[in-house]
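The chain contents come next:
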Amino acid sequence: MTVTAQAPPAADERLGKPRLLDQLVVRPEIGALLGALLVFLFFSVVTEQFLSLGGAATWLDDASMLGIMAVAVALLMIGGEFDLSAGVMTASTALVTAILSTQLGLNVWLSLLVSLAFALAVGALNGWLVMRTGLPSFIVTLGSFLALQGLNLGVTRLMTGSVQVSGMRDTVGYESAGFLFASTFQIGGQSFYVSIIWWVLFTVIASTVLVRTKFGNWIFAIGGAAQSSRAVGVPVVRSKILLFMTTAFAAWLVGSINILRYASVQANQGIGLEFQYIIAAVIGGCLLTGGFGSAVGAAIGALIFGMARQGIVYAGWNSDWFQLFLGVMLLAAVLVNNMLRRRAERVKR
Amino acid sequence: MTSLIEVENIGKTYGSVIALSDVSTVVNAGEVTCVLGDNGAGKSTLIKILAGVHQHDQGSFKVEGEEIRFSSPREALDHGIATVYQDLAVVPLMSVWRNFFLGSEPTTRFGFLDRKKGREITKKALSDMGIDLRDVEQPVGTLSGGERQCVAIARAVYFGAKVLILDEPTAALGVKQAGVVLKYVAQARDRGLGVVLITHNPHHAYPVGNRFLLLKRGRALGSYEKSEIGLEELTRQMAGGAELEALAHELRGVEA
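Residue numbers (my numbering), protein chains in the order written: chain A, 1118 to 1466; chain B, 74 to 329.
Hints in this document: simulated from the structure, not taken from any laboratory. Note that the structure is a prediction, hence the values are computed from the model and not measured. From the three backbone atoms N, C-alpha and C, an ideal C-beta is built for every residue, glycine too. Among the hints, a few may not be true.
[As the list claims (entries may be wrong)] Footprint (simulated), chain A over chain B, 3 or more residues, beta carbon under 8 Å:
(1) 94-106
(2) 117-124
(3) 146-154
[To be verified] Pair ranges (Cβ atoms, derived):
(4) B:Ser144 to A:Ile1256: 54 to 64 Å
(5) A:Val1328 to B:Gly233: 49 to 59 Å
(6) B:Gly233 to A:Ala1238: 22 to 32 Å
(7) B:Ile141 to A:Ala1238: 36 to 46 Å
(8) B:Gly233 to A:Ser1161: 38 to 48 Å
(9) A:Pro1352 to B:Phe185: 45 to 55 Å
(10) A:Ala1449 to B:Arg290: 34 to 44 Å
Put together the whole structure using the sequences plus the hints.
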């Protein structure tokens, strides 16, 4: 069949002006954007530091570390899977880098490479186990979460005699690696962490892949209906394994930023963060059932997180209130998402 | 002219269970071969052999005159045999054009999705089949059940299928929607495809079919050209004795 180039067809006369709700169906991140705007305005009014450059540097940094992970987790969730080991992975990768550099005297760059390989291997193992066993990823990665947690503590204690690795500042290559992962840049006399750039970069790449590439199309498809995708030739197993590896890569990035910024790492770090990533992704419009969501949305979800967490500090309130805020946000987001999905899936016979 | 598909005395057993035995039929270009039978009659087994999901263990299976044995659905697809499953047709939350191109996405020189091309081709392919959609960006889930089947059929046709196997395309549909799907089945037939239509409803099969293969308990109950059998007789053969009354009741509802 040949398709001749033709002038773009005139707008279909049956297409009325799309209603706002109909547009929301195809733009999962709109809800999060409105939420972010509200939170931003609220704390800008009730606190003084929030709107300052210094304030922005703080909440952007908070959001960036969460955001890198939330975006990767969002891709995985759109692909229909969870990764509960994502939080602990940020500590595992930092520990591998730190132990290799401080205990074995490896160049930091080499340690980073090894920990990257380690992360990708764990991600691939997660994915392979999920696909091979057919078990829910929730269970499989709960297993790897516990296993990594044990490894983190056990190996660290074995190697250092304590549950903390420090002394990164004296290692070879710390300065140059630190420049890439943990330096700061100046805007208007205020230092911002370079992690913010990583966050934006990662979001842009993830979003482009998701919306503009073949692989992105497959991510939506395998999360929406894995069997149907397989029937038309989508490599479901390979794609899902790649998504688990992407999450692991993001965990390596965050772990590397952490270890190079603080020069030390606790073996029990990262526990509980996996739920924050999932929450940020859900606030950003991802469905828990897969097949729908947005990378930009997850980044905005992380931004809401960062703004609220730091805003509450600036307002001088007890941080307990943050949990309340989080709970309400999450419920609201899930309700909105569900409504949108019902609209999208509504069957007319 | 060689038939697109020709099966002769084909059979399949699962352990000691004889799922299919001694069944013969042909699928010609531009014709519809209907496979009728109640649940458990062996319809699924037959199409799974044709689609490459299972392999036959008796008889012969020829595609365009050549003896063949598919080892995977992909291989059947490569031979131009596309199967549209009733419940596995599309991904509901994805847009129409993304569904249409799923697994064979058009890309630009830089490896990005060619969204413009995708939308245009989808719209054109669908309208060639007589399906006029308002917006190919809408999620497939917002389409009616019949329209979804049609998108899947149009996709198979566009990607060069020579034989289209439709597994109960009208089973979950209302009367009107079933009529719409049958119209597209006829469209595909008129475009020169060989169609295998699986159904348990003779009223859906008779208007579009050229050939009717009736299965019961894994065996061929009869195989007829359209000229050899009328709708009444087809229905009677399919229902058989006691069930006839209940079926007649159902059919009165359809005619009304």
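Here is what the structure says about each hint:
1. 94-106: Coverage by chain A is violated here, the residue count being 0 at a Cβ distance below 8 Å.
2. 117-124: Not satisfied, violated; 0 residues make the cut.
3. 146-154: It holds, with 3 qualifying residues against the three required.
4. B:Ser144 to A:Ile1256: 54 to 64 Å: violated, 33 Å
5. A:Val1328 to B:Gly233: 49 to 59 Å: With Cβ atoms ~28 Å apart, the hint is violated.
6. B:Gly233 to A:Ala1238: 22 to 32 Å: Given about 41 Å between the Cβ atoms, the range is violated.
7. B:Ile141 to A:Ala1238: 36 to 46 Å: holds, 42 Å
8. B:Gly233 to A:Ser1161: 38 to 48 Å: With a Cβ separation near 58 Å, Gly233 of chain B and Ser1161 of chain A fall outside 38 to 48 Å, so the hint is violated.
9. A:Pro1352 to B:Phe185: 45 to 55 Å: violated, 19 Å
10. A:Ala1449 to B:Arg290: 34 to 44 Å: This hint is violated: roughly 56 Å between Cβ atoms.
The earlier numbered hints that this structure contradicts are 1, 2, 4, 5, 6, 8, 9, 10.
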